[in-house]
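Letter by letter, the chains look like this.
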Amino acid sequence: MPSAVAGYAPNLDKYLKSLKGQPLDLSIENLVSLLKRRQIKGAEPCAVATAHIILQVVARSKWQNVDSLLDNVSRVGRKLASAAPTELVIGNIVRRVLGLIRDEAAEDRNEPQSEDPSDGHATPPDAVPNSTVAKQDSAGDYLNNSPGPQSRPGLFVSQSAVNIPKSLFHLLSASPPADPDHVPGSPFAGSGTSTPQHHKNSSSQVHALRSEVIDGIEEIKDEISQVDDQIAALADVQIHSGDYLLVHRPSPTVERFILRAALKRKFTVLIVTEPPRKHLAEVQHASFRKKLAAAKITVVNILNGGLMAYMARVDKVILGAAAIVANGGVISDAGAAAIARAAKESGNAVIVLGGIYKLSPETPFGEDEVIEWADPSSYVDFADGQLVGSIDVRTAATEMVPADLIDTYVTNLGTHTRDHLSTLIADHYKPEDIDFHLWDDARR
Amino acid sequence: MATEANTSAPAEPPQAPAPQNTQNEAQPKDQKSKGEQPAKGGEAAGEKKLSGAELKKKAKEEKAARRAQAKAAQTSQGQPSGGQEGAGDGGKGGKGKPKQDGQGGGQHKGHHAKPVAAPVVPKEVKPAVPECFGHLSMARRINITQADKDVDPAVLVLGQHMSTFALSDSITRLEATLYAFKKVIDSYTTPIGTTFSRHFTSHVLNPQIDYLTACRPMCFSMGNAIRWLKLQISKIDIDLPDLEAKKLLCESIDNFIHERVTLADFVIASTAADLIEDDQVVLTYAHHHLVQRALLQAQEQGKQFSVVLIDDAFERVGVEHSKALAAAGIPVTYVSDLGALRSNLRDVSVVLVAAEAMFSNGAMYARSGTCDIAMAAKDLGIQVVALCETINFTERVSIDSLTYNEIDPERLSDVGFRLLFDTTRDRYISTIITELGNASPTAVPAILRKLEEL
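Going down the list, the protein sequences come from chains F and E.
Just so we're aligned, residue 1 is where the first sequence starts under this note's numbering, counting upward by one.
Just so we're aligned, residue 1 is where the second sequence starts under this note's numbering, counting upward by one.
Keep in mind the hints are simulated off the structure, nothing from the lab.
A quick note: this is a predicted structure, and the numbers were derived from the prediction, not measured.
The reader is advised that the hints may include incorrect statements.
Derived DEER-like restraints, expressed as beta-carbon distance ranges [claimed, not checked]:
id, chain 1, residue 1, chain 2, residue 2, range
1, E, Asn361, F, Thr363, 37 to 47 Å
2, F, Phe365, E, Gly134, 41 to 51 Å
3, F, Lys36, E, Glu395, 58 to 68 Å
Cβ coordinates follow ideal geometry from the N, Cα and C atoms, glycine included.
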């Protein structure tokens, strides 16, 4: 889709500027439609937009305790994720924030807070923690016990507004989430009868949590903005003098990586370009080429779709990831899989670059779930009646590179193998948040 | 870098003003950038003071005009009046072996025929082939007037067609070459004091071959056919009168084309058509006449199958192909490039591709991108069937795609680069269909041996 129509077309920058003046709900709806219209697309813009809106949710939505905050965040997260199901980073950012909230809440709990009588004090003490934690944590339970009270739509909203049953204190003193029996017990405590003094206490806590979480989200935002730099810092290790590098439609991350290596080393870069079509610049990646030329690096734009022909010469293939799924598969621009396969068959290294925020704990069932199909009319003429009438035209925009074709993943945290990815996932996401995007579907 | 960027722009309009000719040979590029500065006093800006480069350019422009006329005249006439025939005597004789595809030869630099780029671009700024691909050869447009004077008009025209890729695939080129050579034979008379078999090859045929090679590196089938033709010529009895010798040769050329091309194509297409079964999904890449013929033939036989056509994204020859198939009533899915190859291959039952040549190690030389499809198909357990006439089989061995290949001259620029072919190793190919039957790729050497016996 030619998104280049300057002027009126909304984009990420305009959206971020609009955030301040708008009510939260409107901002959310705006972002959803921007995502649906692909006016914000690509991993980084999506991640940035998600981080911003979630920050707004944390800062401006109504919530009185951890539960309702988690609710609010995951509700908005689900909306965004379903607006752009192929942009896995949206889910990643939401999960990161959910995990962050849980961590902050856990810290609060561990801090010795002598007097912390909760709103839900009226309820049996053991029931409260169990129910809350189970509700938030075990997403699978929603799938299994769907007829529970939670499965009524709209309940979450009312809960966040009315039910204020649990305190931070109780929330995380909880037993492990493996206990589904308690799930249906949530509307129990709905009394909302909190005494003024409790309110005061919890509101100060809420305030503390809010600022902690906001700080955390700011950190995530910083991380996203620094990813390219941090990845580039690892370039020297991967790229050596005399190498022949093949890059496929270099993303800013890849460009930065190669330019950093170019400071120290002399090598040759082969750029695989996008096939010619309407609305495409004559010379692709011109500015990248210029910078490389300034560094006295030989650059060649390759005008081939199949890259096997070059593999005898190429030493390393560098791909930019749009997302990395849990099993190690990488979602990238269409054509990347063919290149990776060719490299693999010829024994060349395939290096994938992508920030850790692109690492998704999901594993899609099939490629079709996550790849995006492009507008065929940029390749075939719509006026060509014979084509339009009788021929099915397909053009992929992204595709999944199977995990077994990839040798190394370079993220802002370092260089990893496929086996190591599961550890990274465990470090960054809470197991209870992994399926957050499914809850909504299950309740419908 | 900066200076180079400057040079190309000002150099574009042909400039007559006098630059300093003291340094002309050494730094032609520098000079061009200075060319726009006002000339320094000393020189009287005469024609002779022009730099070598500019003189050359000017001369070429004049020539180009003449050439354009000459070309128009020649193409309209087809067969001009003799004039060139006797010239064979003065020819420079056998100039060594003709160069074949990627024989490792250089770029023919400084050869008599200079490449002529698009009119805007100054000739000296020929886009450089990246160093790592410098060993590969490339088709070049050669102006007809720059060609050797011994070259027959029919061959001249053929060379133009080849260098512009109007005739692009190996079999079409082979056929056209043989027909052109028939004309060369026709118009030849043996000079007194020599014999046909001794004189013709070295003095008449070789210049033609040189010219064709300069226009575009010969494909393997042409090499094979020319070797065969030379053998036939050498076999001719010295006592045989010219007329009969020529008749004999022309007949055997006709037979050769009939056997090795016409019949071969027929057999291969029908074998491939028989291979397709009802309810299959056939995947093919870009366009090749053999594949198209096979698919249309299967459709005529009433088979119900569908076709997934993956196009070469940088040379959309598949669009017309898919239209032709759809017009015949075959359900066609057109895929614009190699993206999401696995998804597109999922329901496919057989991959049908045509080879440009087969190496004796069983590797297939075909349009760039074929190998990627074959690999993915192999990975998914889909059989890959290659169609190839045995005239395209070669003794050579290629284990990677850069041993033999060709650079696409149309897309070679300062920024772009494209290889025309790639090599698919035997392990990715299930079957080769030839006119001698179906074979496994490892059987190529056996087929080659059999061909020698024939």
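Could you work out which of the previously given hints the structure breaks and list their numbers from low to high?
Those not satisfied: there are none.
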